[in-house]
Every structure is written in structure tokens, then in C-alpha cells.
Amino acid sequence: MRHKTAALGVDAERRLSVIDKVVLVGSGKGGVGKSFVSCGLALALARDSRRVALLDLDIHGASVPSYLGLRPPVSSGTDGLEPKAVGRLKVMSVGLFTGEKAVPMRGAEKQGLITQLFAMTNWGRLDYLVVDLPPSMSDELLTAFGLFAAKSALVLVTTPSPHGMEVVVRMRALAKTEGIPVLGSVVNMAYLQDGAKRSHPFGEADRRLLEESLDSPILAEIPLVQELNSGGLPEVLRRNGAARAFGQLLPKVLRWRPTPAG
Amino acid sequence: MHELSVAQTIVETVVSEAEARPAERVAQIDVDVGELMQLDRRALAAGLRVLLDGSGLKGARVRLHVEGAAFNCRRCDKQWGMAEAKRQLERVPDALRVREPDSREIPLHFLPQLYPAFLRCPGCGSSDVLASRGKEIRVRGVLFA
Numbered sequence: 011m012r013h014k015t016a017a018l019g020v021d022a023e024r025r026l027s028v029i030d031k032v033v034l035v036g037s038g039k040g041g042v043g044k045s046f047v048s049c050g051l052a053l054a055l056a057r058d059s060r061r062v063a064l065l066d067l068d069i070h071g072a073s074v075p076s077y078l079g080l081r082p083p084v085s086s087g088t089d090g091l092e093p094k095a096v097g098r099l100k101v102m103s104v105g106l107f108t109g110e111k112a113v114p115m116r117g118a119e120k121q122g123l124i125t126q127l128f129a130m131t132n133w134g135r136l137d138y139l140v141v142d143l144p145p146s147m148s149d150e151l152l153t154a155f156g157l158f159a160a161k162s163a164l165v166l167v168t169t170p171s172p173h174g175m176e177v178v179v180r181m182r183a184l185a186k187t188e189g190i191p192v193l194g195s196v197v198n199m200a201y202l203q204d205g206a207k208r209s210h211p212f213g214e215a216d217r218r219l220l221e222e223s224l225d226s227p228i229l230a231e232i233p234l235v236q237e238l239n240s241g242g243l244p245e246v247l248r249r250n251g252a253a254r255a256f257g258q259l260l261p262k263v264l265r266w267r268p269t270p271a272g
Numbered sequence: 301m302h303e304l305s306v307a308q309t310i311v312e313t314v315v316s317e318a319e320a321r322p323a324e325r326v327a328q329i330d331v332d333v334g335e336l337m338q339l340d341r342r343a344l345a346a347g348l349r350v351l352l353d354g355s356g357l358k359g360a361r362v363r364l365h366v367e368g369a370a371f372n373c374r375r376c377d378k379q380w381g382m383a384e385a386k387r388q389l390e391r392v393p394d395a396l397r398v399r400e401p402d403s404r405e406i407p408l409h410f411l412p413q414l415y416p417a418f419l420r421c422p423g424c425g426s427s428d429v430l431a432s433r434g435k436e437i438r439v440r441g442v443l444f445a
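Going line by line, the protein sequences match chains E and R. For the first sequence, my numbering gives the first residue as 11, with consecutive numbering after it. For the second sequence, my numbering gives the first residue as 301, with consecutive numbering after it.
Only chain E is shown next, with the shape it has when bound in the complex:
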């Protein structure tokens, strides 16, 4: 008797089976610093001796390799593609295969690519997988929600701007319908620290309104980092007050435990 098997989904399940927790970092809006926050959080987890990897799902505008000073090529071993290493942190991104090339791609193809990239990567056993979600609430986001649902929680990134806050409220609503718990929000570019002087070039976030609208706490406020273009994010974070802000975010992420039923 013939028994049909639709597709090979086993690898993704096998990879996920040895990953304890998946932290999705998203916003729904572009330009708020999701990749920066993803990198900062992942580096903070690595500094805390956690087994951690960062998966960049921004197919069209991958910026994680640039932030972390990584370039193609990738190597492969006996159990798939080997993630790049930044100290203890493992990193994988479409940008590590395409370099400067444009990646024009439609919805269904993106869904397949995300699953392939996750399944083909030899992550090994991880305490945390941090996922840098792309802007918008389309295919990549829904694929990530489906792929990591049972082990995942969402960190929302916004700027102090009311426009950024409006979009994360919509993102919060979508996460709720998809059953993804929200740990809270990170306000990026919250202030500019110049010696003892602190200014707010993008205004001040209405903290109470943000927490009420998202029905979750503000986890951290990250200062505007002006040196990002100088490369080498780990060193930049050390020099800048941002490292302290990510240090405040860390224990709030570490406290999260996925519910047994997902």
C-alpha cells in the first residue's frame, strides 16, 4: 500500500526540538531599530553565558550581518549550514548568501525560504533563539508565528513617536489572535545621552499610554546610538550607554517561561 508524504518538514521539527525558547523581535514598522535591538538582546544573552543564536528574517533588507561585521560565505558541515559566530553568539541571515544582491521575492517563496533557512541551519542545542522579524505583518511574520508558535514570545520595538506606537498596537492585536504571548515593549531611540546631559530628539514616549495600549510593560528604553555606522556593534554597545539598557532588558527576558501548552 502506498502512503503519501507531502513534504519534508522533519528537519524544522528536529531543530526546534532542541531549542528551549524563541524570542521574536518585531514591530510591524520599518526603521524603528528591530535589528539593532535583536542584536543587542542576543549579545546580552551571550554575555550572560546563555547558548543563543540570532536568526535574521529580514529577507529583503538584512542588516544583521552589517551590524555584527559578518560577510559571506557560509560553510556547511555534516548536519547542515554552520551559523557564523560572534563570540558565543551564532548568527544566520539570508544576507550571508546574497551579499550585496537584491532579493526580489513573492509571498509563497518567502515562506518556503524561511522554513528552509531555519531547517538547514545547524543551530545545535540552544537556550534562546532570537528572531529579528522584518517590517510589515505579511508572510515572513506569519510564517515565523507558525514555525515557532509553541516556544515563542514577542518583544515589540517602537520609537517614542506616536506613529511607531500606533503600529505596535496593531502588531500586539495580531499576536493575540495568533496566540503569541507578548513580553512587553522596548522603546528604541528613547533619548540621547551626551555626558551628563540627556535629551529626547524624537520626543518622550507616553509610558502609561504605551503600557495600557499594549497591555504589557515597557521592558527597556534604549538610547539613540550615533556610532552604528562605525561597525562592530559589540564594541559600540560597550562604549555607549546602550549596553546598560540591554542589561536591564536581559533579566526580564530571562524570567519568561513558555507555558507547557504553548
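Treat the hints with care, since some could be wrong.
Said to hold, decoys possible - One side of the interface only, derived from the structure: several residues of chain E facing chain R at Cβ under 10 Å: (1) 80; (2) 81; (3) 88; (4) 91; (5) 115.
What the hints assert, rightly or not - Distance ranges between label pairs, derived from CB positions: (6) 403/R / 134/E: 50 to 56 Å; (7) 433/R / 117/E: 41 to 47 Å; (8) 365/R / 116/E: 53 to 59 Å; (9) 262/E / 327/R: 51 to 57 Å; (10) 112/E / 328/R: 39 to 45 Å; (11) 426/R / 265/E: 48 to 54 Å; (12) 401/R / 23/E: 45 to 51 Å; (13) 316/R / 186/E: 40 to 46 Å; (14) 135/E / 403/R: 54 to 60 Å; (15) 206/E / 404/R: 52 to 58 Å; (16) 188/E / 391/R: 53 to 59 Å; (17) 188/E / 403/R: 39 to 45 Å.
What the hints contain is simulated information worked out from the structure, not anything from laboratory work. Please read all numbers here as calculations on a predicted model, not as lab measurements. Glycine included, each C-beta is placed from N, C-alpha and C at the ideal position.
Once you have looked at the hints, place chain R on chain E.
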């Protein structure tokens, strides 16, 4: 090297099917191999043989079916096949090729779905192309006896 990883995934798929039917024996496994991945069929077959023998599926016959790749342009409707795609893929720069112990492979060997980054319409030059077939590995069927 990647062929062994693909073989491992195929065997895991078949083992999970077999576990659901403990009273039956796996007699034959049919696998569709998408041409776009440019896998070495001989290496894949050898990997499958070794892994099947070590997983309690010894004796199962393996049939690999190459699924030809087919492309079409969404702009001008031109259609083409793997021969043209290969010509374009030969131009993938070495800096982007994945390092294997004994070779350097195009990224599509591992991530076939990434083809829009590397292929253009040979007619109008558009990047808005679709691979309609031949880009996946799929267990077509498992024959139980």
C-alpha cells in the same frame, strides 16, 4: 556533504511513517529530487543506503526521481529550463559560494527557494521569475509490504 544531510531528513521522514504502521515493512521509498538543488544523486543514494541500513529499514528499495526545473517570467511570459539556469548559476561569484570540505557550492544547493536572487529572465532580464517545478526534495511515497 549536503547530500548526507538531505538523506538524513528523508530517512527521518520515512521512519516516522513506518512508526505509524508497526505491523508493516517498508518495501520501497520514492523520492522526487528537484533539479535546481543540483544534488549529486550517487552521493544521495549512497547516503540513503547507509542510513536506511542503520535505522531498521534495511532492504527497502530507494528510487530517486529527478524533477526537472522549469521557470517562467512573470513580466514577459518567457519559459525556460535548467540549461539556461545553469548558465546563469555558473556566474555566482566565489565569494557567495557555500564552503564544503571538498567543494564550493551555490547557495541554491542548500536553499533552492532563494533562486530569485540568482536568476533573471533570459528574454527581458526581469528578476520577477517563478520556478514552477524542480526546486524541492519530496518523499513522493512509501510502499509498505
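| Was the hint right that residue 115/E lines chain R, CB cutoff 10 Å? | Result: holds, 5 Å to nearest chain R Cβ.
Residue 401/R paired with residue 23/E, Cβ distance criterion 45 to 51 Å
27 Å, violated
Report task. May I ask you to test the hint 52 to 58 Å on the CB atoms belonging to residue 206/E and residue 404/R? Result -> Check passed, 54 Å falls within 52 to 58 Å.
Starting from the range 51 to 57 Å, see whether the pair residue 262/E and residue 327/R falls in it by beta-carbon distance.
Cβ of residue 262/E to Cβ of residue 327/R: about 55 Å, so the range 51 to 57 Å holds.
Checklist line | Range hint compliance [Cβ, residue 135/E to residue 403/R, 54 to 60 Å] | finding: 29 Å, violated
Note to self: If I claimed the Cβ atoms of residue 188/E and residue 403/R lie 39 to 45 Å apart, would that claim hold in this structure?
What the structure shows: Since residue 188/E and residue 403/R have Cβ atoms about 41 Å apart, the given range 39 to 45 Å holds.
Checklist entry - Taking 10 Å as the limit, does the beta-carbon of residue 88/E come near enough to a beta-carbon in chain R? => result With a closest approach of 6 Å, the residue 88/E hint holds.
Chain R contact restraint on residue 91/E - CB to CB distance below 10 Å: 6 Å, holds
Could one say that the CB atoms of residue 188/E and residue 391/R fall in the range 53 to 59 Å? Given range 53 to 59 Å: violated, Cβ gap about 41 Å.
Should the hint that residue 316/R and residue 186/E are 40 to 46 Å apart at their CB atoms be regarded as holding?
-> 33 Å, violated
task: Please test the hint of 48 to 54 Å on the beta carbon pair from residue 426/R and residue 265/E.
output: Roughly 50 Å apart at Cβ, these two residues keep to the hinted range, so it holds.
Requested in this report: Could you check if residue 81/E really has its C-beta closer than 10 Å to a C-beta on chain R?
Outcome: 8 Å, holds
Of the numbered hints listed earlier, those contradicted by the structure are 1, 6, 7, 8, 12, 13, 14, 16.
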